[in-house]
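Fit chain V to the known structure of chain E by using the hints.
Residue numbers (our numbering), protein chains in the order written: chain E, 1103 to 1300; chain V, 146 to 465.
Everything labelled a hint here was simulated from the structure, so no lab data went into it. Check before you lean on any hint, since a few could be wrong.
Taking lysine to aspartate or glutamate pairs in the DMTMM-like style, the calculated list, with each CA pair at most 25 Å apart, reads [to be verified]:
(1) K381/V / D1135/E
(2) K285/V / D337/V
(3) K372/V / E298/V
(4) K336/V / D423/V
(5) K381/V / E1174/E
(6) K307/V / E1199/E
(7) K417/V / D272/V
(8) K307/V / D1159/E
(9) K429/V / D383/V
(10) K307/V / D272/V
(11) K381/V / D423/V
(12) K381/V / E431/V
Covered by chain E, according to a simulated footprint, are these stretches of chain V (three or more residues, beta-carbon under 8 Å) [as the list claims (entries may be wrong)]:
(13) 158 to 171
(14) 188 to 202
Ideal placement from N, C-alpha and C gives every residue a C-beta, glycine not left out.
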Amino acid sequence: MAETTDTMRGDAGRARQGAAMNTSELEAWFVQDVLPLEAALMQFLQHNWRNRSDIADLRQDVYERVCQAAQEARPDNTRAFVFRTARNLLIDRIRREHVVPIEAVEDLDALAMAMDEPDPERTAIARDELRRLQLALDRLPPRAREAIVLGRIEGLQGNEIAIRMGITEGVVSRHLASGITALADMLYGENTKPRRTP
Amino acid sequence: MTEAPSETTEISAQAADWVQRRHFWTWSDADQAALDVWLAQSMAHRVAFWRFNATVLRTERVIALRASVPEQMPFWRRRGWNMTLRAVAALIVAVSIGAVAQTFIVKPTARVFATTVGGREVIRLNDGSTIELNTDTVLKISPGGSARDVILEKGEAYFQIKHDAARPFVVTLGEHKVVDLGTRFLIRKEKDQLQVSLLEGRARFDAPMSKDTPSIDMRPGDVVSVKNGSVSVSRKADAVLSSQLSWRNGVIVFDSTQLSAAAAEFNRYGGKTLVIADGAAGLKIEGTFQLNNVEAFADAVHVAFGLRVEERVNEIRISR
Chain E
1103 MAETTDTMRG DAGRARQGAA MNTSELEAWF VQDVLPLEAA LMQFLQHNWR NRSDIADLRQ
1163 DVYERVCQAA QEARPDNTRA FVFRTARNLL IDRIRREHVV PIEAVEDLDA LAMAMDEPDP
1223 ERTAIARDEL RRLQLALDRL PPRAREAIVL GRIEGLQGNE IAIRMGITEG VVSRHLASGI
1283 TALADMLYGE NTKPRRTP
Chain V
146 MTEAPSETTE ISAQAADWVQ RRHFWTWSDA DQAALDVWLA QSMAHRVAFW RFNATVLRTE
206 RVIALRASVP EQMPFWRRRG WNMTLRAVAA LIVAVSIGAV AQTFIVKPTA RVFATTVGGR
266 EVIRLNDGST IELNTDTVLK ISPGGSARDV ILEKGEAYFQ IKHDAARPFV VTLGEHKVVD
326 LGTRFLIRKE KDQLQVSLLE GRARFDAPMS KDTPSIDMRP GDVVSVKNGS VSVSRKADAV
386 LSSQLSWRNG VIVFDSTQLS AAAAEFNRYG GKTLVIADGA AGLKIEGTFQ LNNVEAFADA
446 VHVAFGLRVE ERVNEIRISR
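Looking at chain E on its own, in the form it has when it is part of the complex:
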């Protein structure tokens, strides 16, 4: 084995369960293990929280807490850990805001358990990736879609997109940012049931 002088090894994914993670390991873990749970997480949050306008904030809070903790020690069961964190976050909010009777907490327990199952969606996502992307792009506001398609598919730079679309660079940036935001919600947050081809 002549691998001892290797100084530039990538770090992503090397963390063992229970071990601390550096930033790139944490990102890899977050993108590969946590983001695919977003659809189920959103379902859980929507089911247990009446005020829809809070949901996006709650989701980000869950992610922040989960990553904060995983940085210290990589959880052995990501799915269980994410839902436990979500449940605890809701309980904190309930206690703080006195908006929901405390009995609801028991339901949360039951639900978190019910959701702690392997997700068939995850493999389906890969299979249907292309279709998902296309449908998501299709549902973007037209100007945002045009900007993203010109950039990603035509390979144009931002300033070229501005010229092509006849708008200022600042407006291009806004279309791109809003398009990316909407795409993230569609690609990660929605529980699209894949249609199987016969």
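Then chain V, alone, in the frame of chain E:
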């Protein structure tokens, strides 16, 4: 919106702005430094950025469609383009090898690295990554672009890739792709088969988009093999994987390897062609040999098995 935006909404907007700047505009070291500062400020910043960044990276797979649609009219303007998806996917299969590759990589200025039979070369990339080419290998590197893209046309290459979350390293292998997430991996591509071994880190193996095959998230020790179009994954011990890399040190390691396979391995490196007669092909050998010294190998099997060794001008023939 009548309410003041929450702090989270604010962070989300900033993260989306960073990601669009990162992927759609010219990006300088100063920009990267400013982004690094922003990311370092809080976990909330990092998480929001990672989520949008991953979203943009996922759109890469749509790009491949461009290859199969006529140039003059962008596909999203075509009527019902999403309805014709399946036809398009079928077309990708028809165009087959290289269609996807050409979309991503082949530009007029792509740099080509090639080794001769028996040759070996180390390519050092600007970002600190290295690629080592084994014998009889052709690798192309695309010039610039938002992703780090290479094509392995044939042969064998060992990749040590420096992680960059915003710019994944993509190796195109005919209609397959390996997307790395900070790793060391080995790829061997022959006419009718392909093997990807992951030694460290993580990588994703993508089958052709047109096929109903999920991507494979590779973990260290995983070996993905493609033969006759079918894909399989196996796990190999560290020792086995590192012996696959022994060529980097100029040696070949056999561990209970059949003579016929051992000969095929030697013959990749040129020199005299090793021919094993049928009667001896199934014997198994173990040991470490210099890869440019077929003669020493022949001597060893002569001593170990009492086989006959006939040396001719261009070949060494081994038989019972």
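Results of checking the hints against the structure:
1. Of the supplied pair hints, the one linking K381/V and D1135/E holds, its CA atoms being roughly 23 Å apart against a limit of 25 Å.
2. For the suggested pair K285/V and D337/V, the alpha carbons sit about 20 Å apart, so the restraint of at most 25 Å is met.
3. Among the hinted pairs, K372/V with E298/V is consistent with the structure: their alpha-carbon atoms are about 16 Å apart, no more than 25 Å.
4. Between K336/V and D423/V the CA atoms are separated by roughly 24 Å; this keeps the pair inside 25 Å, and the hint holds.
5. Between the alpha carbons of K381/V and E1174/E the distance comes to roughly 30 Å, so the proposed pair goes past 25 Å and is violated.
6. For the hint pairing K307/V with E1199/E, the CA-to-CA distance comes to about 46 Å; that exceeds 25 Å, so the pair is violated.
7. Restraint check for K417/V and D272/V: the C-alpha separation of about 39 Å exceeds 25 Å, so the hint is violated.
8. Among the hinted pairs, K307/V with D1159/E is inconsistent with the structure: their alpha-carbon atoms are about 34 Å apart, more than 25 Å.
9. The straight-line distance between the Cα atoms of K429/V and D383/V is roughly 21 Å, inside the 25 Å bound, and the hint therefore holds.
10. Distance hint between K307/V and D272/V is fulfilled; the C-alpha atoms sit about 7 Å from each other, no more than 25 Å.
11. At most 25 Å may separate the alpha-carbon atoms for a hinted pair to count; K381/V and D423/V exceed this at roughly 29 Å.
12. A hinted pair counts as satisfied when its Cα atoms are at most 25 Å apart, and K381/V with E431/V qualifies at roughly 18 Å.
13. Look at the region 158 to 171 of chain V against chain E: 10 of its residues bring a Cβ nearer than 8 Å to a Cβ of that chain, three or more, so the hint holds.
14. Restraint check on the region 188 to 202 of chain V versus chain E: 11 residues with Cβ-Cβ distances below 8 Å, three needed, restraint holds.
The earlier numbered hints that this structure contradicts are 5, 6, 7, 8 and 11.
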